[in-house]
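Per the working numbering, the very first residue in the sequence shown carries number 38; after that it's consecutive.
Hints should not be assumed to be uniformly reliable.
What the hints assert, rightly or not - Simulated DEER-style distance windows between Cβ atoms:
#, residue 1, residue 2, range
1, 373, 207, 13 to 21 Å
2, 198, 313, 45 to 53 Å
3, 141, 184, 28 to 36 Å
4, 143, 407, 53 to 61 Å
Unchecked claim - Under the rule of at most 35 Å between Cα atoms (straight-line distance), these lysine-lysine pairs were calculated in the DSBU-like manner:
#, residue 1, residue 2
5, 324, 297
6, 199, 184
7, 203, 297
8, 126, 199
9, 373, 392
10, 126, 198
11, 155, 203
12, 174, 184
13, 198, 174
14, 198, 297
15, 370, 392
16, 203, 174
17, 297, 155
18, 174, 297
19, 184, 126
20, 126, 297
21, 324, 370
22, 198, 155
23, 155, 199
24, 155, 184
25, 174, 126
26, 209, 174
27, 373, 126
28, 155, 174
29, 209, 392
30, 174, 199
31, 126, 203
32, 198, 209
33, 198, 184
34, 324, 373
35, 126, 324
36, 203, 184
37, 184, 209
38, 126, 155
39, 199, 209
40, 373, 297
Hints listed in this document are in silico derivations from the structure and should not be mistaken for laboratory results.
Ideal placement from N, C-alpha and C gives every residue a C-beta, glycine not left out.
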Amino acid sequence: MIQAEDFINEARSLGFNTYSGVPCSFLTPFINHVLNSDNLTYIGAANEGDAVATAAGMTLGGNKTIVMLQNSGLGNAVNPITSLLHTFKLPVLFIITLRGDPDFTDEPQHEMMGQITKQMLELMGINWEYFPDTTDKIRSSLDTAHKHILSTHRSYALIMKKGSVKSEPLYKAACVNHIPENSIYQAHDLSPACMQTRHEVLRTLQEDVDVDNAILLASTGYTGRELYALNDRCNQLYMVGSMGCASSLGLGLSMALPDKTIIVIEGDGAALMRMGNIATIGQYAEKNFLHIILDNEMHDSTGGQATVSAGVNFAQIANACGYAASHIGTDPKLMKNLINDEQTMGPRMLHLKIKPGTMNNLPRPNELPYQVARRLMNYLGTSL
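Hey, can you work out the whole structure from these sequences and the hints?
Below, the structure is given as structure tokens:
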């Protein structure tokens, strides 16, 4: 059994200063120590997949991050592990608790995951070892993980058994009320006659953005492809797969690079898929985070199947979750107002209703996703 402080201090010496995840009783000493510290950051995610994507954003911004989760949460994390971390080569260090360990009695819901945790990691191409249970093993475990991450650009996992870490009390509140006193919600003209197409909105956005200061993260599907087709730039990242993870990726990047404006553009289907991250953004994001949801009430890139967004006001949800300013409308000029807003001290959202449809002969990026990610990291001056 080790002290959480001993592991965390060794990890810090290798540059791991940020932790993201969802609690497990096995992880309590770790989370408590991080929360008690003034020099470490813990991002409590709504689910394990969002924690993974937020950590990927941190990695993109040059901030080494440890993701802590219970093995039951691997199911929530499979998609961002396989289509975000793997595809973009954005590695993180995992600490995964082994609930359902055959060596001791656990709750029945953990039985299956206890049997398949190691196989799941191996199927996803993640090298692993058991979490160190004595102080003298900590450095060697971390060195192995760190060297693997740097040499392969792949993630590494430490599987934690019960009783590996001594208990530690929590002295600080996990979260404080982050909802601004003067938060703004405003509904603008929603007339269908004023709606524009996605590519018209994206063209306006590219014209309004200061390339030297703003980063555009576009979600999977037509959003990223159209942004690329209009004007491929070094300050842009085009998501593929990992649907719904653009906002959590953007959260991590915005926290890693507080001096850059991070603009996340996603569709209504993606926003609905991981709506819990809106609450996480409301809690942790600062004024450099702008969230744009382009809502045509359908899954456009898969044939136009309807989403349920016709009855959803994302801006009101954002307002209730702590965004400092949230607007709904149809006028793309609203984007420029929010980009240039220096007064609002917190994250902002624009829920923009748009027309369905896409550009003719829409291309896909010529570069592979990990090449686009490395191009952006070179532009930002960040590294693994």
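A quick look at each hint next to the structure:
| no. | hint | verdict |
| --- | --- | --- |
| 1 | 373 to 207: 13 to 21 Å | 44 Å, violated |
| 2 | 198 to 313: 45 to 53 Å | 29 Å, violated |
| 3 | 141 to 184: 28 to 36 Å | 32 Å, holds |
| 4 | 143 to 407: 53 to 61 Å | 38 Å, violated |
| 5 | 324 to 297 | 10 Å, holds |
| 6 | 199 to 184 | 26 Å, holds |
| 7 | 203 to 297 | 39 Å, violated |
| 8 | 126 to 199 | 31 Å, holds |
| 9 | 373 to 392 | 20 Å, holds |
| 10 | 126 to 198 | 28 Å, holds |
| 11 | 155 to 203 | 24 Å, holds |
| 12 | 174 to 184 | 16 Å, holds |
| 13 | 198 to 174 | 15 Å, holds |
| 14 | 198 to 297 | 40 Å, violated |
| 15 | 370 to 392 | 16 Å, holds |
| 16 | 203 to 174 | 16 Å, holds |
| 17 | 297 to 155 | 39 Å, violated |
| 18 | 174 to 297 | 39 Å, violated |
| 19 | 184 to 126 | 15 Å, holds |
| 20 | 126 to 297 | 22 Å, holds |
| 21 | 324 to 370 | 19 Å, holds |
| 22 | 198 to 155 | 12 Å, holds |
| 23 | 155 to 199 | 16 Å, holds |
| 24 | 155 to 184 | 21 Å, holds |
| 25 | 174 to 126 | 28 Å, holds |
| 26 | 209 to 174 | 29 Å, holds |
| 27 | 373 to 126 | 33 Å, holds |
| 28 | 155 to 174 | 20 Å, holds |
| 29 | 209 to 392 | 48 Å, violated |
| 30 | 174 to 199 | 17 Å, holds |
| 31 | 126 to 203 | 34 Å, holds |
| 32 | 198 to 209 | 26 Å, holds |
| 33 | 198 to 184 | 23 Å, holds |
| 34 | 324 to 373 | 15 Å, holds |
| 35 | 126 to 324 | 28 Å, holds |
| 36 | 203 to 184 | 27 Å, holds |
| 37 | 184 to 209 | 34 Å, holds |
| 38 | 126 to 155 | 21 Å, holds |
| 39 | 199 to 209 | 25 Å, holds |
| 40 | 373 to 297 | 16 Å, holds |
Of the numbered hints listed earlier, those contradicted by the structure are 1, 2, 4, 7, 14, 17, 18, 29.
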